[in-house]
Amino acid sequence: MIRLEKRPQPSRLWTVVTPLIAVVLTMVVGGIMFALLGKPPLEAIRTIFWDPLFHPQFAGYSRPQLLVKAGPLILIAIGLSIGFKAGIWNIGAEGQYIMGAVTGAAVGLAFYPSESVLLFPLMVVAGALGGWAWAMIPAVLKTRFGTNEILVSLMLVYVAENILASASASWLRSPEGMGFPGSRNFKQWPAVHNDELIANTGLHWGVVAALIAVIAAYVLMARHIQGYNIRLTGEAPRAARFSGVSPARIVFLCLGISGALAGAAGLFEVTGPAGQITIDFNSGYGFTAIIVAFLGRLNPVGILLAGLLMALTYIGGELAQLMLGLPGASIQLFQGMLLFFLLATDVFTNYRIRFAKGELA
Amino acid sequence: MKRRTLLASAAMGLALAAAPAFAQDKPKIAFVYVGPVNDGGWSQHHHEAAVKMKEHFGDAIEMVEQESVPEGADAERVLTQMALSGADLIFTTSFGYMDPTINVAAKFPDVKFEHATGYKTAENVSAYSARFYEGRAITGYLAGAMTKSNKIGYIGSFPIPEVIRGINSSFLHAKKANPDVEMSVVWLSTWFDPAKEADATQALLDQGVDVVLAHTDSTAPLSVLEKAGGFGFGQAGDMYDYAPQPRLSSIIDEWAPYYIDRVQAIIDGTWTSQNVWQGIGDGMVGIGEITGPVPEDVKSTVLKMKDDIAAGTYHPFTGPINKQDGSAWLADGEVAEDGVLAGMDFYVEGLTAEIPN
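For the protein sequence lines, the chains are A and B, in the order given.
Its first residue numbered 1, the first sequence is counted upward by one per residue in this note's numbering.
Its first residue numbered 1, the second sequence is counted upward by one per residue in this note's numbering.
Chain B extracted, bound-state conformation (with noise of 0.2 Å):
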């Protein structure tokens, strides 16, 4: 008899101590990253932003997240654990999880799901991605700008649409600041492993390049280029402590407005499903100051084409633009389609390399 009531009051209090994690009001916010949210990079950004979101709503909303969450299988347990456990809105915050998410999705028709860089949508899932190769043209101007051996380095991570489209946007502009430029790329299958990037830049620097762009998230290429001589960007963060040299600008991940205008939309009930994609003007795509020996007249004439990239008057994907095989892909004043970007797997005229399959 008091074994039975031990037990009783054992599952009560287990009863209790659970009831407050699903008895809610307040609207739960959840978040997925790919990988460890102190990785410099990638999901330390969304991680941020989601703080900030969490610091705006205060006590209004309850956040919860995972960090760390292999794309595939696992993630789709761990979403469906989040659904269950009473999460309203559920951004996932890399494109591994797209159909994970729209899998999950399916089968918790109230819950809401953001998925990021990704191209499918459904009723509660909405696709956001940042046009990242608006940034791309600010920082190719100034590297074309600022090489003295005419040769600048191009570190890629995938050989995707995303990546790719900043290859173009980053040669685009570097052609229009300096005709000469060449420009190298390496590949190195990853997002983000410093020991590889430091190399693939030392590599770079070994071949005369003197100014490189990264399209990983790591702060390896500043560090040897610190030390080599050249220029480079902070890229996903400002990376400001290596200004003036090497850092000459950067393009930084903004996701915390978008975070907060998703989860208001969430209180407010007007939350529907979108796909967007949105650069410098909505904030998403940020540029840092520019530092370092940057001549006064070309300072100005990227900050000019910021604010017109901003305004919309200016599209970095304007033609007359062939492509690497000089065939016409854009005609004269002609702007590209978001549709043929999105998809984007050829090179632009000029450059030499071939893209790795």
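Only chain A is shown next, with the shape it has when bound in the complex (with noise of 0.2 Å):
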């Protein structure tokens, strides 16, 4: 018989362990996988983990690609973090993303084509200030009638789709783009444009956002009274409302957090490496931000390296179906499997396996 017993106290070593064993046995049974669809099972994952950062002909163009593909995923999965530890369900990271986008947008569009170095700086207020008024809609609702973040944040992100498909079609329309949906495009607008802060790193200020975002929580958590009591939120309710914390205003805190973040990451992804609002601007960061948050078990420094893996998972797998045909969704697969070995290695860290004689009744 073999039964799962509780610890005490969770493991200290399978918490740093569990990452690495699912990475692993990611790459086994995705090897397995690669292998049944006919392809190089060790090339495939070569090219997957290794290629992106050290190919002679793609590491150079791919490893800055790192940074910007994580930066807005580490600055929205930051937020969300933050919000989970205390048991609050924002899930809708992708409409606060798109408003985020669309409101800084449409800020620095209302002065185009002005050259003032003040601009930039104003549309990044106003695309947090976008994602966090969008994430208020499910905090008030929450506080004032108690409906459930989880729902009204998720619908929320479709209320935010199609005001970006109207925003695009519309009224943040290009006047040059003879009547085709599309904002004018940021990189061909110095003033406001999010570039490379230094040639060739891929690190532009959605990227050092994201850092200063990872030091901000961990001090936040680990040194602030707010963090305290998010987590004792979070991990005893009546214990944190007996010691005198409203939980409204941590629900407001939480999702107000997250909401920004989330926008500010959409108005950097605009300026930068997107350049324009169009239809299909928002491309699931928001949601994969998750994913990041969960692989990082919602701590700062783990949320930088999960953002960072994902980020190389989606590069080479991108590789990988340019260089073996890999077809895309056995890419998107490998990446679920490895989100699923790492919540699956997980129970180790909190059970134990016993493996006891059929003796107990």
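Bear in mind the hints are in silico, worked out from the structure with no lab data behind them.
Misleading hints may appear alongside valid ones.
[Claimed, not checked] Here are the simulated BS3-like pairs of lysine-lysine, each with C-alpha atoms no more than 30 Å apart in a straight line:
no.	chain 1	residue 1	chain 2	residue 2
1	B	K299	A	K39
2	A	K187	B	K176
3	B	K52	A	K39
4	B	K151	B	K196
5	B	K148	A	K39
6	B	K52	B	K151
7	B	K54	A	K39
8	B	K107	A	K187
[To be verified] Some chain B residues judged to face chain A by a derived CB distance under 8 Å, without partners named:
no.	residue
9	P36
10	D39
11	G40
12	E67
13	G72
14	D74
15	V78
16	T80
17	Q81
18	L84
19	F158
20	P159
21	I160
22	P161
23	A342
24	G343
[Said to hold, decoys possible] Cβ pair distances, simulated, as ranges:
no.	chain 1	residue 1	chain 2	residue 2	range
25	A	W171	B	G283	47 to 55 Å
26	A	W171	B	P295	56 to 64 Å
27	B	W277	A	E176	14 to 22 Å
28	A	I21	B	Q207	42 to 50 Å
29	B	G312	A	W171	35 to 43 Å
30	A	R144	B	N150	44 to 52 Å
31	B	T318	A	A110	55 to 63 Å
32	B	K26	A	L53	25 to 33 Å
33	A	V29	B	I266	39 to 47 Å
34	B	K26	A	F54	23 to 31 Å
35	B	D268	A	V17	56 to 64 Å
Backbone N, C-alpha and C fix where the C-beta goes; we use that ideal spot for every residue, glycine too.
Assembly of the complex is requested from the two constituent chains, each provided in isolation within its own frame, with the hints serving as guidance.
Here it is, written out as structure tokens:
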């Protein structure tokens, strides 16, 4: 008989080891899958994990791209992790990301073609406010009427998608676009283009903001009284209430932070790598960030690493499609396996296996 | 020492394994798709055309494909990686790839690009689109001729010129067949979502519509019409499985001849940038066989219309045509200019709804 026995306290060793085991298991099972698809498994794994970093032909380009892809994921995931710690489930970061981009872009375009150096900071603020305001809707509804923030924030993603479609097809449409949807391209507007700060590093303001967010979140959660309140609310809501923590305030704080960070991420993306507001501007960062937050165990440093790992599987996955002709769905399956094995092995952090004889009744 | 040799041979092994992918004389042709290659619609048709192209050239070329690439920053990265991997010609098969294509093309002047359905070109970037509105004239006429309730429906994706052109062309020709016809338009904000498309079809039927035209890619409208009665058309593909009821005909995307043509130009070294807009005459827009209970006279009318469009003797936007607000657009016998059609953002007279924004 095999049974699981709860550990008196979470194992420190397993907390560190499980992500590594999960990666190895993903490589083994993923390799089997690639072999079944008739592709060389070792080469496929190497293409996904090694080539983006060290391939002589691609690495010079794809290494900086890791930061570009990981930046928004980390920024959004940091915000989400704070709420998740408090048991506040903001599933709608994708919507807040869209609204941040739309609001920030709208503010910027209102001043087109200004060359003021103040414009870009203003747009960043507007972007963060846009995301914040969108997150305030589930916050108000939750504190006022007790609605479920999971449902409300998720539903608002679809509302935001429609606002995005209307923005790109009409009120933010480029006057020079011959009636086609899509705003002006910020890459052709140097004053607000969120370009690489140092050439060929991928480092743009959004990546800088993500790194600052990692440090700030670490300080908040480890050193600040609000961080303590947030953790307490998540772990022991009743105790938190007795010690004078207002649940409503925590809801506003957590949804506000995650909304503002997601909104800022959207603004950095639209003025940087994406370049313009288009109908399909959002590409799922807000949802992927949920995975990143859990992959990083809601820990700021963990999220930083998880974001980079996730970005690696994306870019490596693209290379594998290109170089080996792997189907796109197999790459998604591969990414799914990573999350699956991580959650599966996570059990051993809190439980241990006991091999007992069949004598227990 | 031993360890070092091992490392060295491993490095050599890597280099050898990687080498064939780069040291090519064969032209390498790449395709980027916005959806999965089995989406049943837009991306699948580009993919199938790419496969036909590959079959045509066989081992003379190498082909790589990448599916489900989001538009925007991701597309730019994928295109850069393709260019770095030695692609000679890259087809970017969705409108949203336009700016990424232009940006990447500027960095790789020796790589050629072909962007579908956009309007920006460069020294090494061509644009290609299809005059689907020519096909819409045919299906619109059939819809007008076959409706019993004098109400036809149109499922639109996004209010962009491409779609508005299709609506106008369908309506004008439905009106030619049946002056009393009315058309309702439903906007879905998606190109492919079977559930939404099915709901929209049902909603149109509930309003008394009995012929539905769709500018979305799935077969969902046809399968609803099959059960509920009424008629529809194949979109992007022939969708012949739904003949003779509800499918009356279809508009088919035929990219293969163009792809073969452009790859041949790369092989011959004669590729130059161009901006083409091809229709029925060039074979880029195909009209599926007319099936169902279409009367002989209607059939011969639309087949003649198809031949005239192909021959260039009839243009679906020929005056007199007024805009929706009643102001004159085209005088009697005047033909719409391509520039106006490319940016079309207004309805023609007789359509009652407004273009959403």
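So, going through the hints one by one against the coordinates:
1. K299/B with K39/A: The given pair, whose Cα atoms are some 51 Å apart, is violated under the 30 Å limit.
2. K187/A with K176/B: Distance ~47 Å between K187/A and K176/B Cα, so the pair is violated.
3. K52/B with K39/A: With a Cα-Cα distance of about 23 Å, the restraint between K52/B and K39/A holds, given a limit of 30 Å.
4. K151/B with K196/B: OK: K151/B and K196/B at ~21 Å, within 30 Å.
5. K148/B with K39/A: violated, 56 Å
6. K52/B with K151/B: The hint is violated at about 40 Å.
7. K54/B with K39/A: Distance of about 20 Å is within 30 Å: holds.
8. K107/B with K187/A: With Cα atoms ~14 Å apart, K107/B and K187/A stay inside 30 Å; holds.
9. P36: holds, 6 Å
10. D39: violated, 11 Å
11. G40: violated, 15 Å
12. E67: E67/B check passes; min Cβ-Cβ to chain A is 4 Å, inside 8 Å.
13. G72: holds, 4 Å
14. D74: Where the cut-off is 8 Å and the nearest Cβ of chain A is about 6 Å from D74/B, the hint holds.
15. V78: holds, 6 Å
16. T80: holds, 6 Å
17. Q81: holds, 6 Å
18. L84: holds, 6 Å
19. F158: Holds, about 6 Å.
20. P159: holds, 6 Å
21. I160: holds, 5 Å
22. P161: holds, 5 Å
23. A342: holds, 6 Å
24. G343: holds, 3 Å
25. W171/A with G283/B: 47 to 55 Å: violated, 39 Å
26. W171/A with P295/B: 56 to 64 Å: violated, 46 Å
27. W277/B with E176/A: 14 to 22 Å: This hint holds: roughly 20 Å between Cβ atoms.
28. I21/A with Q207/B: 42 to 50 Å: Given a distance of about 58 Å, which is not inside 42 to 50 Å, the answer is violated.
29. G312/B with W171/A: 35 to 43 Å: Roughly 39 Å apart at Cβ, these two residues keep to the hinted range, so it holds.
30. R144/A with N150/B: 44 to 52 Å: holds, 50 Å
31. T318/B with A110/A: 55 to 63 Å: Roughly 42 Å apart at Cβ, these two residues miss the hinted range, so it is violated.
32. K26/B with L53/A: 25 to 33 Å: For L53/A against K26/B, whose Cβ atoms are near 29 Å apart, the range 25 to 33 Å holds.
33. V29/A with I266/B: 39 to 47 Å: holds, 40 Å
34. K26/B with F54/A: 23 to 31 Å: With Cβ atoms ~27 Å apart, the hint holds.
35. D268/B with V17/A: 56 to 64 Å: holds, 59 Å
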